[in-house]
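Each protein sequence line maps, in turn, to chains A and B.
Counted from 1, the first sequence has number 136 at position 115 by our numbering; the numbering is strictly sequential.
Counted from 1, the second sequence has number 28 at position 19 by our numbering; the numbering is strictly sequential.
Incorrect hints may have been included.
Calculated lysine-lysine pairs in the DSBU-like style (CA-CA distance at most 35 angstroms, straight line) [to be verified]:
| id | chain 1 | residue 1 | chain 2 | residue 2 |
| --- | --- | --- | --- | --- |
| 1 | B | K93 | A | K135 |
| 2 | A | K249 | A | K405 |
| 3 | B | K29 | B | K11 |
| 4 | A | K405 | A | K324 |
| 5 | A | K249 | A | K64 |
| 6 | A | K39 | B | K93 |
A short list of chain A residues far from chain B (calculated; beta carbon distances all over 10 angstroms) [stated by the list, open to error]:
| id | residue |
| --- | --- |
| 7 | D24 |
| 8 | P41 |
| 9 | R55 |
| 10 | D79 |
| 11 | L95 |
| 12 | D120 |
| 13 | P202 |
| 14 | E246 |
| 15 | A282 |
| 16 | S295 |
| 17 | T334 |
| 18 | L342 |
| 19 | E384 |
Chain A regions said to be covered by chain B (calculated; three or more residues, Cβ under 8 angstroms) [claimed, not checked]:
| id | region |
| --- | --- |
| 20 | 137-149 |
| 21 | 174-182 |
| 22 | 213-221 |
| 23 | 267-280 |
Derived by calculation from the structure, the hints in this document are not laboratory data.
None of the values given here were measured: they were computed from a predicted structure.
Ideal Cβ placement from N, Cα and C applies to all residues, glycine included.
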Amino acid sequence: MGDRTPTIVGIGLSDYPKTPHLDALAHHGLAIRRALDDSGVQKADIDGLLCFGSYGIDDAPSMAEVLGITYNFLDGTFAGGTVFEYYVQHAAAAIEHGDCETVLITYGSDFLSKQGRILGTQLYSSGSRQGGPLQFEMPYGSPLVSGYALAARRHMHEYGTTSAQLARVAVDMRANAAMNPLAMYRDPLTVEDVLASRMISDPLHMLDCCIITDGGGAVLMTTAERAKDLRQAPIYVRGAATAQTHWNISTMPDFTVTAAARSGPRAFAQAGISAADVDMLMLYDSFTITVLLLLEDLGFCAKGEGGAFLDATRLTFDGDLPTNTDGGGLSSCHPGMRGIFLLIESVRQLRGQAGAVQVPDAEIAVACGSGGQLSCMGTVVLGKERA
Amino acid sequence: MKAETPVEGRILPLPNSATKPFWDAAASGELVLQWCPACQQAQFQPGPLCRTCGDEPEWMKASGRGSVYTYTVVHQSRTPPFDKLVPYIVAIVQLDEGPRMMTNVIGCAVADVHVGMRVQVAFAETVDGIALPFWQPEAGEPA
Chain A
22 MGDRTPTIVG
32 IGLSDYPKTP
42 HLDALAHHGL
52 AIRRALDDSG
62 VQKADIDGLL
72 CFGSYGIDDA
82 PSMAEVLGIT
92 YNFLDGTFAG
102 GTVFEYYVQH
112 AAAAIEHGDC
122 ETVLITYGSD
132 FLSKQGRILG
142 TQLYSSGSRQ
152 GGPLQFEMPY
162 GSPLVSGYAL
172 AARRHMHEYG
182 TTSAQLARVA
192 VDMRANAAMN
202 PLAMYRDPLT
212 VEDVLASRMI
222 SDPLHMLDCC
232 IITDGGGAVL
242 MTTAERAKDL
252 RQAPIYVRGA
262 ATAQTHWNIS
272 TMPDFTVTAA
282 ARSGPRAFAQ
292 AGISAADVDM
302 LMLYDSFTIT
312 VLLLLEDLGF
322 CAKGEGGAFL
332 DATRLTFDGD
342 LPTNTDGGGL
352 SSCHPGMRGI
362 FLLIESVRQL
372 RGQAGAVQVP
382 DAEIAVACGS
392 GGQLSCMGTV
402 VLGKERA
Chain B
10 MKAETPVEGR
20 ILPLPNSATK
30 PFWDAAASGE
40 LVLQWCPACQ
50 QAQFQPGPLC
60 RTCGDEPEWM
70 KASGRGSVYT
80 YTVVHQSRTP
90 PFDKLVPYIV
100 AIVQLDEGPR
110 MMTNVIGCAV
120 ADVHVGMRVQ
130 VAFAETVDGI
140 ALPFWQPEAG
150 EPA
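Isolated chain B (complex conformation):
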């Protein structure tokens, strides 16, 4: 799904060996997570080893669904382009697979976001083949 949100001027990721597969998948519109076959659990952020047992992680496709664990509406932000985007939502989303990630909840009025809100991933293309994942209310989520 394509995310409708302004991305110009944002600080973009500089991938490393652990995170490159995540960003490569994002560029093709897919959300992936590292998966430890020994622990039978997913982890985010990606790392050079399973942070529980130290084993070498594999990759899995994620459902792209989750819920808002916590959020804040940012009213003051000095750094461009965010100074022009206030008020905006910064949230921690808990994926259905367990791990959490930071995001902006988009497609949602700042007054409507709430803890527990069901959300789904959407990607916004930026420059140099980098796409950023955002999360928006799941289709059918009551406003």
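This is chain A alone, in the form it adopts within the complex:
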């Protein structure tokens, strides 16, 4: 039977940040070809697909057809931008259980080229009437960014968190992006720059908000047994857990606590680690407040102390707690859903392939995505060694 411990054996990025010549499907194709080449996996060996769709091809069976995947395991779960951490959880279970051997997780988006930078400030309604839970939000004109602003305001009220503390996240992500030739924005930032940028939804300024790019990524997973015959040293999935508090922001139970407070401890327990063991973090930096909440909820500081923690802790690749070493969604790459890039950058680091931003002696990386409006949280613990 062999060792069925789930591992990541292949990663591929398509091109970013701006690629008008590629549509979403082309991003999938490019990322998948690069992941196959990276890993040595044969296309015909893929017998599992985890993909919610592409833009314009909106379901998993269509993607299986388009990509030519003859599968024993299919998952088209949707959970917003963290869905790729959900896929790792599901794929790990399917591989361990023997449902399939080699799975593909894939993402592609042409958001910037096709739609521009509208995600945060546009209302997404199907028409002049809104059904479902959003019928209680849509009449009041609360765009995506405002959900995060509501959380930031409540955190400020309860704990005295300041805009300058939140700005530290944007400053450190930009410092990481400066090292990444592909990053969308690379010029250094100061806290003053963030605070002087125009207000979008108080208290969040333009530079508290992630960017919009094009891009795509693919991840290949298989058993530790099969990994032995492949090109790269396997990266072990040591823990993977998911949780949700709400989907639409107005029903969030406590605007200062995300579901990472549940998915984080469960993933850490599976991996047999504590926050002190983590060498680097990949946190979905949709907005600066997202990173602060995830740092608290994952246990890197106590609830309410995120502001002081950011005052004292540098998140740069050469700092106290290296985070989003590619420059993150705030400065480098965010084609609408960032979760897959958290996994890819973690693997690059754990393999020792991160070049100028390589974290020395990196053994354990934690990727934590956020989907919806601080709604769905997937936490994945990846290690150079097995648990």
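Model the placement of chain B on the given structure of chain A, informed by the hints.
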């Protein structure tokens, strides 16, 4: 109470079996909440069951009073009519009965809104018999 605020062009609710009683009551100027007799608690949004125990909820008239739990002043909003309404307040109001709802706080300068501000409900008629609840500073709330 009648709300004085522009409503033209807003995306309006499409009620379902769970939410229709809420919108029907709103049309007659009343705020109602679902109430679970087993749990002895109110819930919002309305749903097909009590989200705590699964029992069938009843309806109760709400006080129409509450306080601002959190808020944001929206300065950039691309979708009409909100692009012309900026800056405006989006808030989460905690009703005295416990549940929270999203709203615009109206009748209040954007500089004056604050967490904990006491507010009361007011309805604005739109089209097709749909009235939207808004919240405004409670009479006597210091500006």
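Cross-check of the supplied hints:
1. B:K93 x A:K135: Holds: B:K93 and A:K135 sit about 25 angstroms apart, inside 35 angstroms.
2. A:K249 x A:K405: holds (14 angstroms)
3. B:K29 x B:K11: Answer holds: B:K29 to B:K11 is near 21 angstroms, not above 35 angstroms.
4. A:K405 x A:K324: holds (30 angstroms)
5. A:K249 x A:K64: holds (17 angstroms)
6. A:K39 x B:K93: holds (30 angstroms)
7. D24: holds (43 angstroms)
8. P41: Nearest chain B Cβ is 22 angstroms from A:P41, so the label holds.
9. R55: Non-interface label on A:R55 holds, nearest chain B Cβ at 35 angstroms vs cutoff 10 angstroms.
10. D79: holds (21 angstroms)
11. L95: Fine: 29 angstroms to the nearest Cβ keeps A:L95 off the interface.
12. D120: holds (32 angstroms)
13. P202: Label holds. Min Cβ-Cβ 31 angstroms, cutoff 10 angstroms.
14. E246: holds (44 angstroms)
15. A282: holds (18 angstroms)
16. S295: Fine: 32 angstroms to the nearest Cβ keeps A:S295 off the interface.
17. T334: Correct as stated: the minimum Cβ-Cβ distance to chain B is 26 angstroms, above 10 angstroms.
18. L342: holds (28 angstroms)
19. E384: holds (39 angstroms)
20. 137-149: holds (count 7)
21. 174-182: Contact hint for the region 174-182 of chain A vs chain B: holds, 3 residues under 8 angstroms.
22. 213-221: Answer holds; 3 residues pass the 8 angstroms Cβ test.
23. 267-280: holds (count 4)
The structure is consistent with each of the numbered hints, conforming to all of them.
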